[in-house]
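Peer 1: Each chain, written out:
Number of protein chains: 2
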Amino acid sequence: MTEPTEHAADDVQQHLREVQEMLARNRLVEDLVHRQEDMPRHQLVEQLVQKQNDAALQERLDSLHPADIAFILEALPLDDRRFVWDLVKAERDGEILIEVSDAVRESLIEVMDPAELRAAAQSLDADELADLAPDLPAEVIEDVFQALDVTERERLRSAMSYPEDSVGALMSFDIASVREEVRLEAVLRYLRRFEALPDHTDALYVVDREGHLKGLLSLETLLLNDPERPVGEVMLREGVISFEPEDDAGEAAQAFERYDLISAPVIDSQRRVIGRLTVDDMVDFIREEGEAVLLARAGLRESEDVFASVWDSVRNRWSWLAINLVTAFIASRVIGLFEDSIEKLVALAALMPIVAGIGGNSGNQTITMIVRASATGQVAPDAASRLLRKELGVSTVNGLVWGGLLGVLAGVLYGNLALGAVMTAAMTLNLLLAATAGVMIPMLRIRLGADPALGSSVLITALTDSGGFLIFLGLATLFLL
Amino acid sequence: MTEPTEHAADDVQQHLREVQEMLARNRLVEDLVHRQEDMPRHQLVEQLVQKQNDAALQERLDSLHPADIAFILEALPLDDRRFVWDLVKAERDGEILIEVSDAVRESLIEVMDPAELRAAAQSLDADELADLAPDLPAEVIEDVFQALDVTERERLRSAMSYPEDSVGALMSFDIASVREEVRLEAVLRYLRRFEALPDHTDALYVVDREGHLKGLLSLETLLLNDPERPVGEVMLREGVISFEPEDDAGEAAQAFERYDLISAPVIDSQRRVIGRLTVDDMVDFIREEGEAVLLARAGLRESEDVFASVWDSVRNRWSWLAINLVTAFIASRVIGLFEDSIEKLVALAALMPIVAGIGGNSGNQTITMIVRASATGQVAPDAASRLLRKELGVSTVNGLVWGGLLGVLAGVLYGNLALGAVMTAAMTLNLLLAATAGVMIPMLRIRLGADPALGSSVLITALTDSGGFLIFLGLATLFLL
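Chains A and B, in that order, are what the protein sequence lines are. Everything in the first sequence is counted per the working numbering, starting at 6 for the first residue and increasing by one. Everything in the second sequence is counted per the working numbering, starting at 6 for the first residue and increasing by one.
Warning: the hint list may mix true and false statements.
The list makes no distinction among identical chains, and a pair is therefore deemed to hold if it is satisfied within one copy or across any two copies.
[What the hints assert, rightly or not] For lysine to aspartate or glutamate, the following EDC-like pairs were computed, each having C-alpha atoms within a straight-line distance of at most 16 Å:
(1) Lys94 <-> Asp59
(2) Lys349 <-> Glu294
(3) Lys94 <-> Glu64
(4) Lys94 <-> Asp67
(5) Lys349 <-> Asp170
(6) Lys395 <-> Asp84
(7) Lys56 <-> Asp253
(8) Lys395 <-> Asp317
(9) Lys94 <-> Glu344
(10) Lys219 <-> Glu147
Hints in this document: simulated from the structure, not taken from any laboratory.
Modelling step: build the complete structure from the supplied sequences, incorporating the hints.
Peer 2: Spelled out as C-alpha cells, the structure:
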C-alpha cells in the first residue's frame with residue numbers, strides 16, 4: 006500500500022490542485038489543436054501530447070494514498086472525475102470505492118463494466134465487500150460470491166445479514182488470538198512468523214480451545230512484562246469491554262469515545278470471539294452520524310454529491326420541501342380565518358411574521374438542547390416536568406423582555422398602544438407554546454422509544470407558525486376590533 | 006485506575022439508574038422521618054439511615070470509571086449532582102473534571118473550595134491542566150503553577166500558549182522514543198524497564214541525539230521483525246505523518262480520519278519531537294465539532310447543561326433571538342410598505358408566508374450542502390459558477406412544480422387565477438434568489454478566508470423572508486391592483 010506523504014493536512018489540497026492543473030493542461034491542448042482545424046494531422050499531435058500528459062497524471066495518482074484519491078474524485082466535476090477514475094490502476098479500484106461517499110461511489114460504478122467491478126470487489130475483505138455490495142449489480146455480486154472460499158463466503162453472508170447501524174455491520178473478521186497457557190516469550194516468537202497484524206491491533210485476544218474470550222493481552226503488557234511469565238498471569242481478565250454483533254453501532258461508538266478504546270472484540274452469545282471493532286470505523290461512524298443530523302435538519306435525504314445532476318439533487322431535497330409546503334399551507338389557512346380582521350387592521354399582516362418567527366426559533370433551541378442531551382442518554386424520561394418548568398421560565402423572561410420591546414416598538418410605530426400590548430401578549434404566549442412543544446415532542450418520542458430528532462424541527466416550526474398566527478390574530482380580533 | 010465494567014454501552018445507563026435509586030431512597034428516608042415530627046430523636050434516625058445509604062453510594066461511585074461518573078454527574082439535576090460530587094473521592098476529582106462538559110464543570114467548580122481545586126489540579130498532566138486552567142480561579146492556578154517542577158511548568162506554559170483549536174492545545178507531552186542505531190532486541194529489553202507506555206502508544210518515535218524525528222518504529226514492526234536487526238533498518242522513514250503545534254486541529258482530525266491514525270508526532274520547526282496527538286482526543290474533537298455546528302444552527306452559544314438555571318439558559322440563547330428579531334422586524338417593515346395592497350387584496354396576507362417559507366427552506370438546503378462540502382475542502386473557490394448553474398436548475402424545477410401547484414391551489418381557493426399566476430412567479434423567483442444567495446454567501450466567505458458556516462442560516466433566512474415578501478407583494482401590486 007502506498008504511504009500517505011508527510012504533513013497530510015495541507016497535502017491533500019495540494020494533490021487536488023496538481024491533478025486539476027494536469028486536467029486543465031489536457032483541455033488546453035485540446036482547445037489549441039481544435040482551434041487550428043486547418044492544421045494537418047492535428048489529431049495526431051493532440052493524441053501525442055495528451056498521452057504524455059496522461060502518463061504524468063497516472064504516475065501522480067499511483068503515488069497517492071487511496072483516501073487521497075477518493076478525496077480528489079469527490080472534489081472533481083463528473084467528466085473530470087470519470088477521466089481520472091479511468092487512469093487509476095484497476096487493482097486499486099476496490100479500496101478507493103470503499104473510501105468515497107455513497108453518492109460519488111454511484112457515479113463511479115455507473116461507468117464500470119461487470120468485469121472491472123468483479124475485479125475491484127475481489128480485492129476486498131469480506132467486511133469491506135459487505136459495504137460495497139448494495140451498490141453492485143446483482144450478477145456481479147453473484148459472481149464474486151461464487152469466487153470466494155468457504156470462510157470468506159460465510160463471513161460475507163454474516164456481515165450482510167446485520168442491519169446497517171449495528172456492530173455486526175462494522176466489525177472486521179481478522180483477529181489475532183493467543184492461548185492463556187503459553188508464555189509471553191512464545192507469543193513473541195509466534196508473532197514473528199506473521200508478515201502483518203490485523204489493522205489497529207492494540208491487543209491480542211486470549212481465547213480457549215473453542216474460541217471463548219478469556220481476556221485481553223495488550224501489546225503494551227506483552228512488551229513490558231518478563232517474557233518468562235505466562236499469558237494468563239498478565240492478561241486483563243476483568244473489565245474487558247466487548248460487543249455483540251446485534252449491538253447498536255452508535256452505543257459502541259460512545260463506548261469507544263468514553264473509554265478511549267482502539268479496538269474491542271465482538272463476541273457471540275456463547276462469548277466466542279467472532280470479530281473486532283476498530284477505532285477508525287468508529288471515527289467514520291461518528292463523523293457520518295454528525296453529518297446525518299445536519300443534513301436531516303436541512304431536509305437533505307443524504308450527503309449530496311456537489312456535482313450531482315439537477316435531477317438527482319431535486320430528488321434528494323424533494324420530500325422535505327413537500328412537507329414544508331403542506332405546513333405552510335396550513336399556516337396560510339389559519340391566517341385566512343382572520344382575513345376580516347386583517348382588512349380592518351392591516352398592521353396585523355406586517356406584525357404576525359415576527360410573532361411566528363420568534364416562537365419557531367425559541368422552540369428549535371429548546372428541542373436542539375433536549376435532542377442533544379438525550380442522544381448521549383442524559384435525559385431520563387421522567388425529567389420532563391423539571392425541564393418543562395425551566396423552559397417555561399426561559400420563555401417567560403424572553404417573552405416579557407423581547408415581547409415588551411417589540412410591543413412598544415409596534416405601539417409607537419402604528420400609534421396604537423393596545424396593538425403593542427396584544428403583540429407582547431402574543432409573543433409571550435407563543436414562546437410558552439414553543440417551550441411546551443419543544444420539551445414534550447422529544448420527551449414523548451423518547452418515551453415511545455422513537456428517535457427524538459427525526460423531523461422535530463419541521464414539527465415545532467409548523468406548530469409555532471400556525472400557533473403564532475392563531476394566537477396573535479385571535480387576540481387582536483378579541484381585543485382590538 | 007478503575008477499569009470500566011464489561012459491555013459498556015448498556016452499563017452506563019444502568020449505573021445512572023442505580024445512583025438515581027440510591028438518591029431517591031435518601032430522599033424517602035428524609036420524608037418519612039420528617040412526617041413523624043413528634044417522634045423523639047427523629048434526626049438521629051435519619052442521620053443513621055442516611056449514613057448507611059451514603060456509604061453504599063460512595064462505594065458504588067468508587068467502582069466506576071471516571072468517564073461514567075462524569076456521565077452520571079451530567080445527567081443529574083443540580084442538587085443531586087452536587088451531593089454525588091461531594092461523595093466522590095478527592096483524588097479522582099481532577100480526572101472527572103476533565104471528562105465533564107464545560108457547563109457542568111462550571112457547576113462543579115463553583116462548589117469547591119481553593120484547597121480542593123488545588124488538589125484536583127495537581128493530580129493532572131500538563132496538557133490536561135491546560136484544559137482545566139481557564140475555569141479555575143486565578144489564585145488556584147498560581148499555586149498549582151508554583152508547585153510544578155520546571156519541566157511540567159514549561160509544558161503547561163506551552164500548552165496554554167496555543168489557541169484552542171490548534172494541534173498544540175490538544176497534544177500530550179509523554180513520548181516514548183528510541184535511537185536508530187540500537188537493535189530491536191535492545192528496544193525490547195529497554196521497554197521492560199517501564200511500568201507503562203504513554204496512552205495509545207502504537208509506535209515509538211525514532212530520534213537522533215538532539216531529538217530530531219528520524220522515523221517511526223511501530224509496535225507491530227518491533228514485534229514482527231527479527232530482534233537482531235537495528236531500528237534504522239526496519240523503521241518507517243518515508244511518509245511519516247507529523248504535525249506542528251500551530252496546525253489547525255480540524256485538519257489534523259481529518260488526517261487521522263483519512264489515514265486511520267492512532268497517534269502522530271508533533272514536531273517543531275526544526276523537526277524536533279515535542280509532543281504527540283492521539284486518536285482519543287481527535288474523536289472528542291470530531292464529536293464536539295459536529296455538536297458545535299448543530300448548536301450554532303439553533304443559535305445556542307455552547308452546549309447547554311440541561312439542568313442549567315433559567316438565567317444561564319437565557320444568556321446562552323439571547324444573542325440569536327436578538328438577531329432573529331432584528332431580521333424579522335426588517336421583514337415586517339417590507340410588508341409595511343405594501344399595507345395598501347394588502348388592504349385591497351387581503352388574500353396576499355395569507356399567501357405571503359408560503360412564498361417566504363419555501364425560499365428559506367430551499368436556501369438552507371443549498372447552503373448546508375455547500376458548507377458541508379467545503380468543510381472537507383472539496384469546493385474550490387472557482388467552482389461557484391458551476392454550482393450556481395446547478396442550483397438555479399434545481400430552483401427552476403422546484404419553482405415550476407411546487408410553485409405551479411400552489412398557484413393553482415391559490416387561484417382556485419380565491420377564485421382569482423391571476424393571483425395564482427403571481428403566486429407561481431413569486432415562488433419561482435424567490436427560489437432563484439435562495440439558490441443564488443445559497444451559493445454566493447458561502448463561496449464569498451471561502452474566498453475571503455472566513456468560516457462559511459457562521460450564521461449562514463440566519464443570513465439566508467433573513468434574505469428569503471424579506472425578499473419573498475418584496476417579490477410577492479411587489480408583483481401583486483404591479484399586476485393585480
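Peer 1: All hints are to be evaluated individually against the structure, with a verdict given for each.
Peer 2: Tested hints:
| no. | hint | result |
| --- | --- | --- |
| 1 | Lys94 <-> Asp59 | within (13 Å within a copy, 66 Å between copies) |
| 2 | Lys349 <-> Glu294 | neither (51 Å within a copy, 51 Å between copies) |
| 3 | Lys94 <-> Glu64 | within (10 Å within a copy, 61 Å between copies) |
| 4 | Lys94 <-> Asp67 | within (7 Å within a copy, 57 Å between copies) |
| 5 | Lys349 <-> Asp170 | neither (57 Å within a copy, 56 Å between copies) |
| 6 | Lys395 <-> Asp84 | between (55 Å within a copy, 15 Å between copies) |
| 7 | Lys56 <-> Asp253 | neither (51 Å within a copy, 39 Å between copies) |
| 8 | Lys395 <-> Asp317 | between (44 Å within a copy, 11 Å between copies) |
| 9 | Lys94 <-> Glu344 | neither (68 Å within a copy, 66 Å between copies) |
| 10 | Lys219 <-> Glu147 | neither (38 Å within a copy, 48 Å between copies) |
Of the numbered hints given earlier, the model fails hints 2, 5, 7, 9, 10; all others are met.
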